[in-house]
Amino acid sequence: MECLVVDDSAVVRKIARRILEKHGFRVREAADGAAALEALRAGMPGCILLDRNMPVMDGLAFLRALRGIPGGDRPRVIMCTTETAQEKILEGLEAGADEYVMKPFDEAILIDKLALVGALPGAAE
Amino acid sequence: MTSRAFQIIAGVVKERSGIVLMPEQSYLLETRLAALLQRLGLGSLDVLAARLQSPGSDGLAQEVAELLTTNESHFFRDGKPFDHVRAQIPRLHRARAPGLPLRFWSAACSTGQEAYSLAILIAEAQEADPALRQRRFEILGTDLTRSVLERARQGLYTQFEVQRGLPVRMLMKHFTQVEGRWRIHDRLRQLCRFEQANLLQDLRQFGRFDVIFCRNVLIYFDPPSKTRVLEALAAQLAPDGLLYLGAAETALGLTDRLEPLPEIRGVYRPSAAARRAIA
Ligand SMILES: C[S@@+](CC[C@H](N)C(=O)[O-])C[C@H]1O[C@@H](n2cnc3c(N)ncnc32)[C@H](O)[C@@H]1O
Chain A
1 MECLVVDDSA VVRKIARRIL EKHGFRVREA ADGAAALEAL RAGMPGCILL DRNMPVMDGL
61 AFLRALRGIP GGDRPRVIMC TTETAQEKIL EGLEAGADEY VMKPFDEAIL IDKLALVGAL
121 PGAAE
Chain B
1 MTSRAFQIIA GVVKERSGIV LMPEQSYLLE TRLAALLQRL GLGSLDVLAA RLQSPGSDGL
61 AQEVAELLTT NESHFFRDGK PFDHVRAQIP RLHRARAPGL PLRFWSAACS TGQEAYSLAI
121 LIAEAQEADP ALRQRRFEIL GTDLTRSVLE RARQGLYTQF EVQRGLPVRM LMKHFTQVEG
181 RWRIHDRLRQ LCRFEQANLL QDLRQFGRFD VIFCRNVLIY FDPPSKTRVL EALAAQLAPD
241 GLLYLGAAET ALGLTDRLEP LPEIRGVYRP SAAARRAIA
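Each protein sequence line maps, in turn, to chains A and B.
For the first sequence, position 95 matches number 95 in the working numbering, and the numbering has no gaps at all.
For the second sequence, position 56 matches number 56 in the working numbering, and the numbering has no gaps at all.
FYI, nobody ran anything at the bench for these hints, they're computed from the structure.
Worth double-checking, as some hints may not be accurate.
Which stretches of chain B does chain A cover? Using the computed rule of at least three CB atoms under 8 angstroms from a CB of chain A, they are [what the hints assert, rightly or not]: (1) 103 to 112; (2) 170 to 182.
Here are the computed lysine to aspartate or glutamate pairs in the DMTMM-like style, where the Cα-Cα straight-line distance is at most 20 angstroms [unchecked claim]: (3) A:K103 to A:D32; (4) B:K14 to B:D83; (5) B:K173 to A:E91; (6) B:K173 to B:D83; (7) B:K80 to B:E124; (8) B:K173 to A:D32; (9) A:K103 to B:E179; (10) A:K14 to A:D32; (11) B:K173 to A:E83; (12) B:K173 to A:E94; (13) A:K103 to B:E161; (14) A:K88 to B:E161; (15) A:K88 to B:E179.
Backbone N, C-alpha and C define an ideal beta-carbon position, used for all residues, glycine too.
Take the sequences, apply the hints, and build the full model.
The following block contains the structure:
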């Protein structure tokens, strides 16, 4: 399965890539929401790991845009952000996120969340 | 540490908890007992071993045993057993007289995630099926280790803990955020009762259960202790009740009181022999 990692921090993208590749994902990266929308033209990924606070276009705006385009309901979206207040999490879910990772995260959490959204390779693609 | 000291401490742990320590695990003694040694001003594990052999060391022995338990747990651990038990609830409900509670036991509950996972799935089953709302449910959590029971009773979890295994929608629905931690709602907390109990001691006082989860504790025991606990649990199961073991655990070859369900690994019902024994 392919995962698009959207985060303005190169460090976070690198950590996520390492974990995801270890578990058999193909990984693409984007540094903000607009770049992520651009990346979708090459095809819808199976899942998206999505930061919230980013320059140019933030994660919520990207998510709302994604869910509005044809086929945009398919990717499983896991928000992955330092916004950990309960109402912020609810906002993410209302915008169309399937799961939520509160930073800082580790491999165990990310893998649990990928399993919960049925995105672990080996689960149905 | 001398090998004699290791034997004494490992002996105390085995006697108190059933947990078997191998000589190559002596690092565990070093790490888990360091704070205790410091607090009591004991110079080394050898001194602790000597202290454990002197009279009046009962409380100390219990503390040592508790410190050597492994308490890792998370919500909905391994997933499948919880899906399976959820599907059993209507059957158990129909099989019981209206006034009787359905009773669940998280034996070796550690910090409570297993008991609360059961509470969440019961609450959601009741929400989906009005027939279940009249039914009373009880969840008992027991553990040897007092410190984890205190945490279980609080029902308060760190950000890290609520992200292991718990779907975020359940977190939003059944927990409230308090100063960066997450507290399970009182309604669910009140379904659960937590008590100290050693699985190697008499368990009959807890009564009859419809569902028992005893997971990720027997792996630490030797075969005779496993058999003993499995048979004691079988004796507390309703004739149509179910016992769930951990992913790395089995009752096969250890007792004839339990028989595996054909459709899922690690789930057992009382065998004909056990049903006769408890009839
Ligand atoms: C790894 S935890 C398992 C928690 C939970 N059942 C799960 O699967 O996530 C094991 C627990 O068994 C408890 N334990 C160890 N020996 C025990 C005994 N003899 N009687 C009762 N509990 C015991 C420990 O205190 C520890 O909390």
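Hints, verified against the model:
1. 103 to 112: That given contact is violated, which follows from only 0 residues of the region 103 to 112 of chain B lying within Cβ reach (below 8 angstroms) of chain A.
2. 170 to 182: Holds: 5 residues of the region 170 to 182 of chain B have a Cβ under 8 angstroms from chain A.
3. A:K103 to A:D32: Distance of about 17 angstroms is within 20 angstroms: holds.
4. B:K14 to B:D83: Measuring from Cα to Cα gives roughly 34 angstroms; hence the hint is violated.
5. B:K173 to A:E91: 14 angstroms, holds
6. B:K173 to B:D83: Judged against 20 angstroms, a Cα distance of about 19 angstroms means the pair holds.
7. B:K80 to B:E124: 16 angstroms, holds
8. B:K173 to A:D32: 30 angstroms, violated
9. A:K103 to B:E179: 16 angstroms, holds
10. A:K14 to A:D32: 15 angstroms, holds
11. B:K173 to A:E83: Distance ~18 angstroms between B:K173 and A:E83 Cα, so the pair holds.
12. B:K173 to A:E94: At roughly 14 angstroms apart (the allowed maximum being 20 angstroms), A:E94 and B:K173 satisfy the hint.
13. A:K103 to B:E161: 13 angstroms, holds
14. A:K88 to B:E161: Holds - the C-alpha atoms of B:E161 and A:K88 are around 19 angstroms apart, at most 20 angstroms.
15. A:K88 to B:E179: Measuring from Cα to Cα gives roughly 15 angstroms; hence the hint holds.
Figure legend: structure checked against the earlier numbered hints; hints not met, in rising order: 1, 4 and 8.
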